[in-house]
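Please model the complete structure; the sequences and the hints are all you need to start from.
Protein chains in written order, with the numbering used here: chain B, 991 to 1394; chain R, 5 to 91.
It should be emphasised that the hints constitute simulated quantities derived from the structure, not laboratory data.
Where hints are given, some of them may not hold.
No more than 20 angstroms apart at the CA atoms, straight line, and that leaves these computed lysine to aspartate or glutamate pairs for EDC-like [said to hold, decoys possible]:
(1) Lys1109/B x Glu58/R
(2) Lys83/R x Asp62/R
(3) Lys83/R x Asp30/R
(4) Lys1105/B x Glu58/R
(5) Lys14/R x Asp28/R
(6) Lys1105/B x Asp1026/B
(7) Lys1109/B x Glu19/R
(8) Lys14/R x Asp25/R
(9) Lys1105/B x Asp25/R
(10) Lys14/R x Asp65/R
(11) Lys14/R x Asp30/R
(12) Lys1109/B x Asp62/R
(13) Lys1363/B x Asp1275/B
(14) Lys83/R x Glu58/R
(15) Lys83/R x Glu70/R
Partial selection, computed: residues in chain B whose CB lies under 7 angstroms from chain R [said to hold, decoys possible]:
(16) Arg1050
(17) Gly1273
(18) Pro1274
Over 12 angstroms on every C-beta distance to chain R, these chain B residues come out as not near it, computed from the model [claimed, not checked]:
(19) Ser1115
(20) Ala1185
(21) Thr1196
(22) Leu1226
(23) Glu1231
(24) Glu1351
The beta-carbon is built from N, C-alpha and C at its ideal position, and this holds for glycine as well.
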Amino acid sequence: MVTGVGVTAPNGLGAADYWTATCGGVSGIAETTRFDAAGYPTRLSGEVPGFAAADYLPSRLLPQTDHMTRLALVAADWALADAQVRPAEQPEFSMGVITASSSGGFEFGQRELQKLWSKGGQYVSAYQSFAWFYAVNTGQISIRNGLRGPGGVVVSEQAGGLDAVAEARRQIRKGSALIISGGIDGSICPWGIVAQLAGGRLSTSTRPDRAYLPFDPAAAGHVPGEGGALLVLEELQAARERGARSYGEIAGYGATFDPRPGSGRPPGLERAIRLALADAGAGPDEVGVVFADAAAVPELDRTEAAAIGAVFGPGGVPVTAPKTMTGRLYSGGAPLDLAAALLTIRDGLIPPTANVEPAPEYDLDLVLAPRPKQVDTALVLARGSGGFNSAMVIRSPDQERRKG
Amino acid sequence: MTEFSVHDIKRLLREAAGETDGIDLDGDIGDQTFDALGYDSVALLETSGLIRREYGVDLGDDALFEAGTPVALAEIVNKELTAANPA
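Quick look at the structure:
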């Protein structure tokens, strides 16, 4: 079960700020400030506001960390504090870290590559050896908190956030007491943006309220963002015995891979949803809300709407995409949606999808204003560029107790 | 020329690798091991790079490990600086 949540998001630093902003429809998408983006086709992004790493981390960690790793270390601290766990008091090999990553520390890497080209190899930081690396957040969180059990990283772009949490659940079933999992991502720097531009899915709009419009006839790509969420997952019985508060349970998971283009076979998302529901032992009628992947690429929106419609019926379930207020956070996106789903269950309030006027052809019950509703079971969807489809079912603590 | 001191090493350590919580570099730490001061191999490698860039002294990758403490390292750097700039 999930006992702690740590959030760093473009519309809120910390879970409380994020949730207040998200339910209030407050977006964190704005003109990029971390570098001069004027000469680039994509000039908007979702930057985490008001984050001064030195306020939270010892100076020893600053020369060796990319911005997104600093965000991850702080989110992990907050998740552990939220769970009221002190790792130093637990057996160190019973706890682990499994995060998702999409690109590693690009901002750090760009700076060191620039030193290499302009000044020479002896000016490159020795910390470049790991600061850029996919697994760096897992390693740094593990070292900082003394979590010496299972460690890993999953790289499957935006789907990775769910795949990592699924791997964490697997490790807990195999005997670990606690795993920190999820993802914090971001590469808002010229190198990162140029790499993403090559993928062809970035929005070039300069209007923050028109730049990321999934399921809208005007959908034309997404805004890149940074941040995400880390969760503390604990073994159910042990967590109950220590009197931990539960946000809910990771009840089901399914992952599929799309067939090659032109094969004539259907996309894999619907199958991922059905696998996750079956894994949770839940019928479609039990799902109170779907957090959509929300690609904002017309063909991908159509595929997702069709998959949701096939499982739940036309307009058969409330669908929301609070990531319209953060941009897509790559491996951080789905963990942030998991956090939002858990808070939806806690508060009985579904957060809205911002700025979107839904295309009628999709037949979705898109939540456009905060909607009060008691939700016991939520579904989170995430797709990674290249064909990854993942779906995860979250169940409320009450349901968790009833089903044992 | 000005002598290279433990004070310089503290400055370089701070710049290269920051300071460990709970350890005061301003204290009398010259004879403590780098390990005890919270600096691992990568931190020492980065510090060694700074010495090379700022002072033109190439100690090789292992010198800091072999020196072990700020006082011993200051002696080595001074020896190199004197050899490179005989009075």
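Hint check:
For the given pair, Lys1109/B sits about 13 angstroms from Glu58/R by alpha-carbon distance, which is consistent with the 20 angstroms threshold. For the hint linking Lys83/R to Asp62/R, the alpha-carbon distance of about 12 angstroms falls within 20 angstroms, and the restraint holds. As the CA atoms of Lys83/R and Asp30/R are separated by approximately 24 angstroms, the hinted pair breaks the 20 angstroms bound. In summary, the hint linking Lys1105/B to Glu58/R is supported, as the alpha carbons are separated by about 15 angstroms, within the 20 angstroms threshold.
Our distance criterion of 20 angstroms between C-alpha atoms is met by Lys14/R and Asp28/R, whose separation comes to about 10 angstroms. Using a Cα cut-off of 20 angstroms, the hinted pair Lys1105/B and Asp1026/B holds, with the two alpha carbons roughly 19 angstroms apart. Among the hinted pairs, Lys1109/B with Glu19/R is consistent with the structure: their alpha-carbon atoms are about 19 angstroms apart, no more than 20 angstroms. Distance check on the hinted pair: Lys14/R and Asp25/R sit about 15 angstroms apart at the alpha-carbon level, within 20 angstroms; holds.
With a CA separation close to 29 angstroms, the supplied pair Lys1105/B and Asp25/R exceeds the 20 angstroms bound. Straight-line distance between C-alpha atoms of Lys14/R and Asp65/R comes to about 19 angstroms, which keeps the hinted pair within the 20 angstroms bound. For the proposed pair Lys14/R and Asp30/R, the alpha carbon gap of about 8 angstroms is at most 20 angstroms, so the pair holds. A C-alpha spacing of about 17 angstroms is found between Lys1109/B and Asp62/R, which places the hinted pair at or below 20 angstroms, so the restraint holds.
With a C-alpha separation of about 15 angstroms, the suggested pair Lys1363/B and Asp1275/B falls inside the 20 angstroms cut-off, and the hint holds. With a C-alpha separation of about 16 angstroms, the suggested pairing of Lys83/R with Glu58/R holds against the 20 angstroms cut-off. A hinted pair counts as satisfied when its Cα atoms are at most 20 angstroms apart, and Lys83/R with Glu70/R qualifies at roughly 15 angstroms. Among the interface hints, the one on Arg1050/B holds; its C-beta lies about 4 angstroms from the nearest C-beta in chain R, closer than the 7 angstroms criterion.
Taking 7 angstroms as the C-beta cut-off, the interface hint given for Gly1273/B is violated, the closest approach to chain R being about 51 angstroms. With a cut of 7 angstroms, the hint placing Pro1274/B at the interface with chain R is violated, because the nearest CB-to-CB distance is about 51 angstroms. Against the 12 angstroms criterion, Ser1115/B falls within the reach of chain R, whose nearest CB is about 6 angstroms from its own CB. Chain R leaves Ala1185/B outside its interface by the beta-carbon criterion, the shortest separation being 26 angstroms against a cut-off of 12 angstroms.
Annotated as non-interface, Thr1196/B keeps its C-beta farther than 12 angstroms from every C-beta of chain R; the closest such distance is 39 angstroms. The non-interface label for Leu1226/B is consistent with chain R: the shortest C-beta to C-beta separation is roughly 34 angstroms, beyond 12 angstroms. Distance to chain R confirms Glu1231/B as a non-interface residue, since its nearest Cβ pair spans about 32 angstroms, more than 12 angstroms. Distance to chain R confirms Glu1351/B as a non-interface residue, since its nearest Cβ pair spans about 55 angstroms, more than 12 angstroms.
The structure fails hints 3, 9, 17, 18, 19 (numbered hints given earlier, in ascending order).
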